[in-house]
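A.B. asks: The residues making up each chain are set out below.
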Amino acid sequence: MIRTLAAMEWKRLFRSPLGWVVLAAAQLGQGLVFVQLVETYQRNPAAAAHNGATYQVASLALASSGYIALLAIPLISMRLISEERRLHSLPLLQSSPLSSLQIVLGKYLGISAYAILLPLFSLVMALSLIGSTQLDFGLLATSSLGSILLICAYAAIGLFCSSTTRSPSLAAISCLTILILLWSTTVFHSGIRQLDKLMQLISWPEHLQPLLQGVVDTRNLFFFLFVIILFLGLSVLQLENLRNRGGGD
Amino acid sequence: MHNSIMNTEADLQARGLCYRYEDKIAVEALDISLQAGDILGFLGPNGAGKTTTLNMLSGCLRPVAGQIRLCGLDMQRSARQARAHLGYAPEIPPLYPDLQVREYLRFTAQLRRVTTSQLTAAVQRVLSDYDLQAVAHQRIDTLSKGYRQRLGLAQAIVHDPDVIILDEPTDGLDPSQIRRTRELIRTLGKKRAVLISSHNLSEIEATCTRVQILQHGRSVYSARMDDSLEAPVSTLVAFQQTPDLRALSALPGIASCEPLSDKRIRLHHQAGFNTAPLVQLSSQSQWGLVLLQPETRGLEDIFIDITTGRTEYAA
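Residue numbers (my numbering), protein chains in the order written: chain A, 249 to 497; chain B, 25 to 339.
It is worth saying that the hints were derived from the structure and are not from the lab.
A quick note: this is a predicted structure, and the numbers were derived from the prediction, not measured.
Certain hints may be false.
Said to hold, decoys possible - Here are the computed distance ranges between Cβ atoms for each label pair: (1) T381(A) x A160(B): 49 to 57 Å; (2) N70(B) x L469(A): 53 to 61 Å; (3) T140(B) x L365(A): 52 to 60 Å; (4) T166(B) x T381(A): 48 to 56 Å; (5) R44(B) x R441(A): 34 to 42 Å; (6) A158(B) x S380(A): 22 to 30 Å; (7) L143(B) x R291(A): 56 to 64 Å; (8) L365(A) x K214(B): 34 to 42 Å; (9) L365(A) x A160(B): 54 to 62 Å; (10) T381(A) x R104(B): 49 to 57 Å; (11) T320(B) x L266(A): 57 to 65 Å.
C-beta atoms are modelled at their ideal positions from N, C-alpha and C, and glycine is treated no differently.
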């Protein structure tokens with residue numbers, strides 16, 4: 249059941265022009281960033297020697313997919329549940345032998361499979377350097393893992409935002425707001441030590457940066473998994489809430 | 025009440041259903057029982073709680089109180105297993121505009137656990153039953169309202185469910201499609217339990233074997249069609265001479281006499297009234313009986329009486 253729903257979500261993303269346009273725009277953006285990174289690497293041999301080609305080009309290219317996904321994920325996740333509510337098609341899922349958890353997982357897997365294409369594009373571009381320089385595949389693996397976890401966390405937040413409203417545009421705006429907030433808390437400084445520490449703890453760069461540098465700390469992996477599970481759980485609660493108070497149609 | 029309902033567990037059984045929207049009671053203490061072979065017409069004025077009830081029965085809305093069992097399975101404890109026996113066509117068809125008709129039906133069948141080996145045959149069957157072959161490869165957003173409505177019905181039965189719930193099934197269809205859909209519902213109702221909600225009283229009369237009327241969230245009338253609707257409860261009589269009203273009122277089974285003119289009278293009586301004593305009295309009194317016309321009360325009369333509070337019936 250989950251697989252059926254995930255496959256349908258994946259298929260429907262490619263039925264809409266939006267799915268293709270977002271993917272094309274993301275690829276264009278990532279391509280430009282990649283070219284820029286290669287040029288910077290060639291122009292600055294000192295930094296290149298210090299950081300290595302893998303970090304200087306591949307890891308930063310993968311990190312750039314996280315910035316581009318900041319706009320892409322809200323756009324593609326906004327219709328996941330809000331459009332079902334707007335088009336009155338949610339009763340089809342609610343009256344089928346599917347639990348709310350299965351509905352959420354099916355939709356999440358569908359959108360995640362699409363979203364992962366973004367860091368995969370960057371990874372393919374990074375792998376194109378194999379012939380011209382020596383790549384650190386360990387660093388490439390941790391950077392890829394970090395980017396994929398980041399984008400999967402984005403998708404979970406997008407799904408939750410989509411479940412809270414009938415309006416896809418409102419879902420997109422609320423998703424974008426949460427994603428930007430979690431980027432900006434890293435520069436938050438109140439002077440109150442505990443609060444600043446908490447803001448650091450919930451910021452994306454705090455947990456992504458070590459992975460981009462090849463450091464695998466389970467606390468960072470746990471953070472991304474925690475965000476994914478938290479927002480998927482909230483989405484399940486939201487669907488259950490729709491069953492309790494109506495409004496799902 | 026249907027005898028079999030008393031003896032065996034119904035395919036769809038709801039007891040004491042309640043739902044409230046904040047302070048407003050939408051449905052209260054509602055019982056519904058439906059067996060394979062029953063086609064239950066669910067009627068009620070706007071705001072009576074019909075859609076809320078259908079949402080609860082289909083699993084889209086959780087009742088505040090009460091229990092729903094589908095084919096012996098509790099809708100709360102065994103929700104997924106119970107819903108596998110259900111086909112639901114909401115008033116607004118739950119369609120995905122960007123999918124093709126055949127693709128959509130395959131998806132809905134897979135959601136309802138139709139196996140891969142049966143998938144193609146199941147989809148083909150409903151495409152044929154609902155005359156959708158011509159648009160099988162067309163995108164749903166290009167379909168006319170009639171096709172969309174039929175597709176909404178097709179998705180509800182693609183998995184051959186035991187219990188089928190249809191909300192306004194012929195809304196938006198042309199007369200020939202309405203006739204075809206009614207035939208299909210009657211065919212489905214021979215082996216399955218079917219519940220239809222409709223504002224169209226003639227549709228309920230033409231299709232259903234039972235009727236249940238809802239008002240202010242409560243069931244105010246429930247009966248088999250053939251028991252209550254076809255049995256005359258009044259008889260129109262006319263004589264050549266002016267009859268004696270007191271003698272007519274004294275006849276066994278007569279509740280009251282309603283004179284329409286000197287010689288035309290409407291006799292109100294219970295169902296199963298025997299006309300033989302009337303004919304005999306007229307003959308003996310030489311009134312010259314020229315008209316004896318049993319009057320069947322239509323569903324519309326009953327509906328109007330109940331919803332305007334003119335008559336109270338057993339729920």
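A.B. asks: For the pair A158(B) and S380(A), does the Cβ-Cβ distance stay inside 22 to 30 Å?
C.D. replies: Given a distance of about 58 Å, which is not inside 22 to 30 Å, the answer is violated.
A.B. asks: Can the suggested window of 49 to 57 Å be confirmed for the beta-carbon pair T381(A) and A160(B)?
C.D. replies: holds (54 Å)
A.B. asks: Could you check the hint for me, namely that T140(B) and L365(A) are 52 to 60 Å apart, CB to CB?
C.D. replies: violated (28 Å)
A.B. asks: For the hint 48 to 56 Å, verify it against the beta carbon of T166(B) and that of T381(A).
C.D. replies: Since T166(B) and T381(A) have Cβ atoms about 52 Å apart, the given range 48 to 56 Å holds.
A.B. asks: In this structure, is the beta-carbon distance linking L365(A) and A160(B) contained in 54 to 62 Å?
C.D. replies: violated (31 Å)
A.B. asks: Starting from the hint 57 to 65 Å, judge whether the C-beta atoms of T320(B) and L266(A) obey it.
C.D. replies: The hinted range 57 to 65 Å holds for T320(B) and L266(A), with Cβ atoms some 59 Å apart.
A.B. asks: For the range 34 to 42 Å, tell me whether the beta carbons of L365(A) and K214(B) fit it or not.
C.D. replies: violated (51 Å)
A.B. asks: Are R44(B) and R441(A) spaced within 34 to 42 Å by their CB atoms?
C.D. replies: The hint (34 to 42 Å, Cβ to Cβ) is violated, given that R44(B) and R441(A) are roughly 49 Å apart.
A.B. asks: Kindly confirm whether 56 to 64 Å is satisfied by the beta carbon distance between L143(B) and R291(A).
C.D. replies: holds (59 Å)
A.B. asks: When you take the CB atoms of T381(A) and R104(B), is the distance between them in 49 to 57 Å?
C.D. replies: holds (54 Å)
A.B. asks: Is it true that N70(B) and L469(A) lie within 53 to 61 Å of each other by Cβ?
C.D. replies: holds (55 Å)
Violation of the numbered hints given earlier is confined to hints 3, 5, 6, 8, 9; the remaining hints are satisfied by the structure.
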